[in-house]
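Novice: From first to last, the protein sequence lines are chains A and B. Here the first sequence stands for residues 18 to 301, where the numbers follow our numbering. Here the second sequence stands for residues 234 to 564, where the numbers follow our numbering.
Hints in this document: simulated from the structure, not taken from any laboratory. None of the values given here were measured: they were computed from a predicted structure. Mixed in with the good hints there might be a few duds.
[Said to hold, decoys possible] Covered stretches of chain B (chain A as the covering partner; in silico rule of three or more C-beta atoms under 8 Å from a C-beta of chain A):
#, segment
1, 290-301
2, 364-371
3, 449-457
[Stated by the list, open to error] List time: in silico DSS-like cross-link candidates among lysine-lysine, alpha-carbon distance up to 30 Å:
#, chain 1, residue 1, chain 2, residue 2
4, A, K283, B, K251
5, B, K244, A, K292
6, B, K322, A, K19
7, B, K378, A, K26
Beta carbons are placed, not taken as given, at the ideal position from N, Cα and C, and that holds for glycine.
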Amino acid sequence: MKINRNTFKWSAWLGWQMESNWTRPFIFAIYAIVRPIAASLILVVMFYVITYLGDPSTARANFDFLFIGNAFFMYIAQVLFGVTWIIHDDREHYRTLKYIYISPANYFVYILGRTLSKILITTFAVIITLAFGVIFLEVPLNPLGVDWLLFIPVFIIGLLSIIAFGLALAGISFLTAKHTMGMNEGIAGVFYLFCGVIFPLSVLPDWGISFAKILPVTYWLDLIRTSLGAGAGIDTAVAGTSVEVSLVVLIISTIGFALFSIGTFKLGDNLARRKGYLDMTTAY
Amino acid sequence: MTMIPNAVEIKDLRRTFKTKAVKSKKELVTALDGADLEIKEGELFGLLGPNGAGKTTIIKILATLLFPTSGKAEVLGYDVMKDAYQIRKNINMVSGGETSGYGILTVNENLWMFSQFYGIPGKIAKKRIKRLLRVMDLEKKADAKVRTLSTGERQKANMIRGFMTDPKLIFLDEPTLGLDVNASRLIRDFIKDWMRSKTGRTVLLTTHYMMEADELCDRVAIIDQGKILACDTPANLKRLVTKESTLKLEIRKVQDISAFQNIKGVKRFTYDHNITAGITKLNFILDDEAIVADIVAEVPKSGSKIVSVEKSEPTLEDVFVTLVGRGLHEN
Numbered sequence: 018m019k020i021n022r023n024t025f026k027w028s029a030w031l032g033w034q035m036e037s038n039w040t041r042p043f044i045f046a047i048y049a050i051v052r053p054i055a056a057s058l059i060l061v062v063m064f065y066v067i068t069y070l071g072d073p074s075t076a077r078a079n080f081d082f083l084f085i086g087n088a089f090f091m092y093i094a095q096v097l098f099g100v101t102w103i104i105h106d107d108r109e110h111y112r113t114l115k116y117i118y119i120s121p122a123n124y125f126v127y128i129l130g131r132t133l134s135k136i137l138i139t140t141f142a143v144i145i146t147l148a149f150g151v152i153f154l155e156v157p158l159n160p161l162g163v164d165w166l167l168f169i170p171v172f173i174i175g176l177l178s179i180i181a182f183g184l185a186l187a188g189i190s191f192l193t194a195k196h197t198m199g200m201n202e203g204i205a206g207v208f209y210l211f212c213g214v215i216f217p218l219s220v221l222p223d224w225g226i227s228f229a230k231i232l233p234v235t236y237w238l239d240l241i242r243t244s245l246g247a248g249a250g251i252d253t254a255v256a257g258t259s260v261e262v263s264l265v266v267l268i269i270s271t272i273g274f275a276l277f278s279i280g281t282f283k284l285g286d287n288l289a290r291r292k293g294y295l296d297m298t299t300a301y
Numbered sequence: 234m235t236m237i238p239n240a241v242e243i244k245d246l247r248r249t250f251k252t253k254a255v256k257s258k259k260e261l262v263t264a265l266d267g268a269d270l271e272i273k274e275g276e277l278f279g280l281l282g283p284n285g286a287g288k289t290t291i292i293k294i295l296a297t298l299l300f301p302t303s304g305k306a307e308v309l310g311y312d313v314m315k316d317a318y319q320i321r322k323n324i325n326m327v328s329g330g331e332t333s334g335y336g337i338l339t340v341n342e343n344l345w346m347f348s349q350f351y352g353i354p355g356k357i358a359k360k361r362i363k364r365l366l367r368v369m370d371l372e373k374k375a376d377a378k379v380r381t382l383s384t385g386e387r388q389k390a391n392m393i394r395g396f397m398t399d400p401k402l403i404f405l406d407e408p409t410l411g412l413d414v415n416a417s418r419l420i421r422d423f424i425k426d427w428m429r430s431k432t433g434r435t436v437l438l439t440t441h442y443m444m445e446a447d448e449l450c451d452r453v454a455i456i457d458q459g460k461i462l463a464c465d466t467p468a469n470l471k472r473l474v475t476k477e478s479t480l481k482l483e484i485r486k487v488q489d490i491s492a493f494q495n496i497k498g499v500k501r502f503t504y505d506h507n508i509t510a511g512i513t514k515l516n517f518i519l520d521d522e523a524i525v526a527d528i529v530a531e532v533p534k535s536g537s538k539i540v541s542v543e544k545s546e547p548t549l550e551d552v553f554v555t556l557v558g559r560g561l562h563e564n
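Isolated chain B (complex conformation) (with noise of 0.2 Å):
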């Protein structure tokens, strides 16, 4: 059997900031508390923790653009400290959520200043930004200024220029925040497809989305606080609960929610409020089914009625709050 090189490896990686939190005084905070990760090559990873759990600090050290306080990275054998050029030969990098780009350029023309960054042969170039165009649906915008583009647009872009390098890794950085349902499906759908297409390379993606990682990765790794939590298959990973059962309940006109807390057999619970809808959404990871009568019992009592009941799969959400103790969006 063989194996498989590593594309990424990191050990024991740490990463402190100095901030100004409070006027001349300042604070250390940090942002990757030994971290270790091994991505094989031709794996879809996915780093998934909430805003400020490491993630784009793990991407931005493996990336080259920023130092380690300590610990090691290595991306494709070399070392990010001391082997950047030869990374980033290999790398490309997409961040989601942004707005970049120069304005005053065409699509074409932006995508052709970067191709030739990278020493991109003129043909190639040129054949490979017409073809990423027509698959993320951006053909007819070719010729408009960039900062003629809605959002997703801009995204689709993006994603053009990151891809069209043909590396060996590329980092996805919340490629899908922000963007309406098609424009999300269309690139995670064009992720698929350029895995399956292309052996041997590797996509390191993080994501807030459960779904997404569920949907895309092949193996996930759980971060929180600068630590990697879990790092399996989605499947494997929610194994670590299935012993367990999950309830989710929506309730309407909720007064008091503390009740749910301290029923006896309630393993974890998050909590949900729509305000706009005037719904919350309850999620229960039980000790035993038994309870779930418990629980629908206490509705009525907090001054609630019940708008929908669902006994579920574990899904990675639950994974997370088994892991972490709270949900994905609390802080």
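Bound conformation, chain A alone (with noise of 0.2 Å):
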């Protein structure tokens, strides 16, 4: 138990001297500022131009719904691609991975530690984002206005399912070599297409709008935006979906990919020391 919570400490530390510690802290601390809003204005941008051709009638509640859905994506693209690219980086670029490997501390744990670190600098880059929002876009959060009641377990429960994909990434991440980024790509893709991040689901097709029903992501973004009183009012297809039904199944969801997600890991894990894959290098 004391080395998996020092493992859990010492690995988020880790993690958070390898996203800051690469520059001097006054360099850190103004690309951790302008980066997340750099990123959010290309959107912004986009969105701009599409509605000067478009209805400007819905255009403050397309742009909210955006928004908030631009920034809170930031957490699925930065775990999805620090989880998978840990494994990779200790593997093939530090050379380190199989000696936390062959320690006792528990390299579930490692990973968690290190998912921990991204998972903060994220969310400065989100407050960041917001606060540019509100200042700067007009963006309506205000805090005196934010249900924290729903916000609070809804944030957690939906960061869990995002780490529990992380996880099973990991796992797969094992097996593979620098392929991994593309097949990260390919899935933070899909989130951004099926959750709701910068359209309502109502713009998909049937078959779209069901397979985005089943992804715990989808109810996240949404009871994100409902508790936090933006971007939800237009029509995102589980908008008719009362917050307690969404609650629950967010729950259930969360709880079935954070299963499947154990078992890739294991699986990932046990299939990578078969085939000797612990301590490869492709030099890719």
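Got two chains here, separate frames each, mind docking them using the hints?
Specialist: This is the structure:
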């Protein structure tokens, strides 16, 4: 138990060092602020160009929907890319995976610790993005108007579902070389398309909506918008579902994906040890 | 007389790998071909063999990084297939010839983090790290980023990482590979001191440096093509070839060395060209010392000149040549 606690703590610390210690603190602070804003501004510009040609009466609601979805999508992108990159980087670049693997530290806990640092850094980026939206883009977000009792549990459960996806991909990363990055891009793209990140699900075909309804992230984003009271004013295809039902579906699907991810991680770990991939160097 | 328990026990251990040698055609490569080995607790044991002999595969299996294809492997009485966690609490590993470590962290931070992965209490960890940094002559680099270290310094830090957990069994896979003479000597001295100061600790060392194995190891196993060919103390192994004489010749401007192979009475013959120096080293294992004159007489016939002649005591290299039929660095 003590080893697991230490592993979690120090792997999270390692993750923070890797993310933040590559330059001077001042440069890192600038980077941490500018990067998420710049990423969001790309979408903002695209949105204004499209709405200029479309119906201006729905533009505000659509913009808020897009802005909130895009801000919280950062968690998905960072965790999915980050977790699998940890395996690749530790194994092939730093050559430390084998030394951590043969220690009594639980590698699953180690990955969780590293993921925590990614989540903390992403949280900072999300806060910066939302603040920028409120101050400069008139996103109607008021901390006093947020349903914190809904937001906090929803936020945590949603993050758990994203971590679960990340761990499943980490299990697969044991068996692949750098190709995993392509897989991550594909899966992140699926979430981007089917989970109502930048456009409502109602624009998807029926089969797309059905698929979206089994993904926990769909409910997560919908409930986040509802609890924040911003970007929830348009039809999202799960908007007809009550908050309670959405919450239950989110919890059940998160548990399902968590079990799936633990199984996938263990299977990947076992196969990698069987095939001799734990200290593989491909030089890709 | 008390029985010393085995730190490592391997029975009929096999490991094959599927490789894509040719595009879209899978080939089965045998890394271990029914290896048997017993290493007693408290031994400094050497595995000696050329590249690809199966040394690292054995270490990977014992360190719980790799499953065997078949056979049995036990570490400190625990099965590598079933009891990985129990094994991991008691072992560590150091590989040579690689630059592992998080370059963005300092030496101290790297070591501290690994100490925490082993659950070593803070005060003890700090004390051990400090002492080992001093012993390894790395104190001045404690706060330097790992990326700024030289190859030798990185390997010293790697050694500290391996030994600071005070393992019951440590695997040293070519620990002096690619290091200069001073760094190699420091590491060899450290290993010897560690074994002297810690009773019941075991080291499994792989190397293809014969002198290193001879200097350090209580017992040595010679491995080639996945098979253990011999296992004994270096002295006993050398006795295997004491009935034979060994002759080392250094010659210049050699044009044809095939003639040396055909001299009657030459039991084994290996050679090594040093192209830069323009010198070829010839190693002979002879049935009878009387043919030394015949060999020396052959040198001018082959268009060469003698640089040096040495009639030597057998080394582990000679044992290897006798058992395998070729030199350690020949394919």
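Novice: Each of the hints needs a verdict: does it hold here or not?
Specialist: Do the hints match the structure? See the list:
For the segment 290-301 of chain B, the assignment as covered by chain A holds, since 6 residues bring a beta-carbon within under 8 Å of that chain's beta-carbons and 3 suffice. Residues of the segment 364-371 of chain B with a Cβ under 8 Å from some Cβ of chain A number 0, which does not satisfy the need for three, so the listed coverage is violated. Counting residues of the segment 449-457 of chain B whose CB lies closer than 8 Å to any CB of chain A gives 0, which falls below the minimum of 3, so the coverage claim is violated. The straight-line distance between the Cα atoms of K283 (chain A) and K251 (chain B) is roughly 22 Å, inside the 30 Å bound, and the hint therefore holds.
Proximity of K244 (chain B) to K292 (chain A) is assessed by CA-CA distance (about 21 Å); at most 30 Å being required, the pair is judged to hold. A threshold of 30 Å between alpha carbons decides the hint, and for K322 (chain B) with K19 (chain A) the separation of about 13 Å falls inside it, so the pair holds. Proximity of K378 (chain B) to K26 (chain A) is assessed by CA-CA distance (about 21 Å); at most 30 Å being required, the pair is judged to hold.
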